[in-house]
Amino acid sequence: MSDARAVADRLIKAKRLNALLTPAKDLRKSLLAQAEAARTTGVLYGMPVAVKDNICTLEFTTTCGSKILEGYQSPYEATAITKLKAAGALIAGKTNCDEFAMGSSTEHSAYGRVIHPLDKARVPGGSSGGSAALVAAGAVPAALGSDTGGSVRQPAAFCGVVGMKPTYGRVSRYGLVAFGSSLDQIGVLGRSVHDAARVLSVISGRDARDSTCEDRDPLRLPTVPESLQGFVIGLPKEYFPAELDPAVKRACDRAIRMMKELGAAVREVSLPHTPYAVPTYYVIAPAEASSNLARYDGVRYGPRFDGHQDLHALYRTTRGQGFGPEVRRRILVGTYVLSAGYYDAYYRRAQQMRALIAQDFRNAFDRGVDLLFTPTVPAPAFKAGEKLSDPIAMYMSDIFTVTANLAGLPAMSLPIGRVKGLPIGGQLIGQAFLEDEMIEAAYALERVVPATDEA
Amino acid sequence: MSVSRDEVLRIAQLAELDVDDDALPEIAEQMSRILDYVAQLSAIPTNGTVKTFVPGPDAMRFRPDEVAPSPLMFGPAQFAPAFKEGFFVVPKLGQFE
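These protein sequence lines are chains A and B, in that order.
When the letters of the first sequence are read in order and numbered with the numbering used here, they come out as residues 1256 to 1710.
When the letters of the second sequence are read in order and numbered with the numbering used here, they come out as residues 2 to 98.
Hints may be right or wrong, so weigh each one.
As the list claims (entries may be wrong) - Pairs of lysine-lysine, DSBU-like flavour, derived with a Cα cap of 30 Å:
1) B/K93 with A/K1322
2) A/K1515 with A/K1268
3) A/K1322 with A/K1268
4) A/K1638 with A/K1492
5) B/K52 with A/K1492
6) A/K1638 with A/K1270
7) B/K85 with A/K1322
8) A/K1322 with A/K1638
9) A/K1515 with A/K1638
Since the hints were derived computationally from the structure, they do not count as laboratory data.
Because the structure is a prediction, the values reported are computed rather than measured.
Please put together the full structure from these sequences, using the hints given.
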């Protein structure tokens, strides 16, 4: 009980970050009730896990950072939440995010931007920026996020924490509010590789309620290895362009040197279709979003906005007033690329390019590479407002992360150094359903890399 | 390419989304830039034979066809904006043409 109070106090203390959407009173009350009911034999007994507000919970409202779901209480909870509770974890409130997970800075939330814990003028990344900020501030050891194009890994890199996106199909999407259904996965942010990995292990595994979830046992955690002997790490040359931030490059070079010292063989590889990944993503994701978000119409749930005299006016007013600018933009772009006359030129082309991008990865892995190592983001956290008026500049923040979603592969970010006090993330991309290998390498690297030293 | 004001309005109608007149020029400009940017996809030869790729299980798994209790903790009356006698209440459809 006193633990539950301490958890609530820590989260409420982090209020200045605007990372938590749950009111303090509701949080305290729920945490006390949950602590009383928690399974003492669970592997996560007593562990507080904050949850991104696009994952349905019975304890708290689920708004997706949007006005169109303001005050929405879901009548069911996500499978990931059920599994966390069965393992004894405490659901430690809902975290702020870009509206419907669309954004890379958590500035696109209807509930205000999230502050970077180390520099209030900067963004924490996004769209799981609230989850990343709370973990970085030490308010919780782990938090759930969702990753459609990098929304767990990019904020993890910006905030200096670990972020894991599992293989598509590893974790049930039941109860994760859909954005891009062929790309979305629930992921975990943690203060260490182990914290993130043990939460991921608990939420993974088959679920009859999600037909895209693979019929597999939960992820088994590897032990911490003594060395990286036997590992072949590929460095895709397209992820180390000349214009990469010099400090990011230095931090990556240092991490690569350390992996070699641990016994890994390091080899340059090529993923030639990488330059087309961002345009491919920004056709497929908005297309899927335009379809998924059609359900917010003011009829079945969420608020209904006034000014409607007939049914179509009700739809249009509710959606026009309920969605923020980035969501509106993506719905329009998605509707456009799926509309008659443009489908072949945009959507089919993007689907074909997606296949080529996935094939690039298979080719690299077929040549004996176990894992790929890349920077997570080309530069450290940017200033709030810097990219708001330029959607494409904002999209480019995802350039190294979208490929894993397009190919459905597991990937994670871990802190590998700092520049002027701001964290830098290194990314490991693994083979489908071989998260254990990726986590094993991350354990080894985490032990040696000076994550908080200047690069 | 450039997206015209009328085109934005047509797409907005398809998407059932009100767009303010004041916001139209900016939306048209941003949509044009995004579509110009993604148009680079049409420049690469995929020669039409490339199969599309979707991650996830190769085959659709079917659940046993059994009646199960509703997974909802409470019914639509508690979360719908307007619900009466088992129905969602909406305004009339408008004029039939």
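Now the hints, each set against the structure:
1. At most 30 Å may separate the alpha-carbon atoms for a hinted pair to count; B/K93 and A/K1322 meet this at roughly 25 Å.
2. A hinted pair counts as satisfied when its Cα atoms are at most 30 Å apart, and A/K1515 with A/K1268 does not qualify at roughly 42 Å.
3. For the suggested pair A/K1322 and A/K1268, the alpha carbons sit about 26 Å apart, so the restraint of at most 30 Å is met.
4. Restraint check for A/K1638 and A/K1492: the C-alpha separation of about 28 Å stays at or below 30 Å, so the hint holds.
5. Restraint check for B/K52 and A/K1492: the C-alpha separation of about 26 Å stays at or below 30 Å, so the hint holds.
6. Using a Cα cut-off of 30 Å, the hinted pair A/K1638 and A/K1270 holds, with the two alpha carbons roughly 20 Å apart.
7. Of the supplied pair hints, the one linking B/K85 and A/K1322 holds, its CA atoms being roughly 24 Å apart against a limit of 30 Å.
8. Among the hinted pairs, A/K1322 with A/K1638 is consistent with the structure: their alpha-carbon atoms are about 25 Å apart, no more than 30 Å.
9. Distance hint between A/K1515 and A/K1638 is unfulfilled; the C-alpha atoms sit about 35 Å from each other, more than 30 Å.
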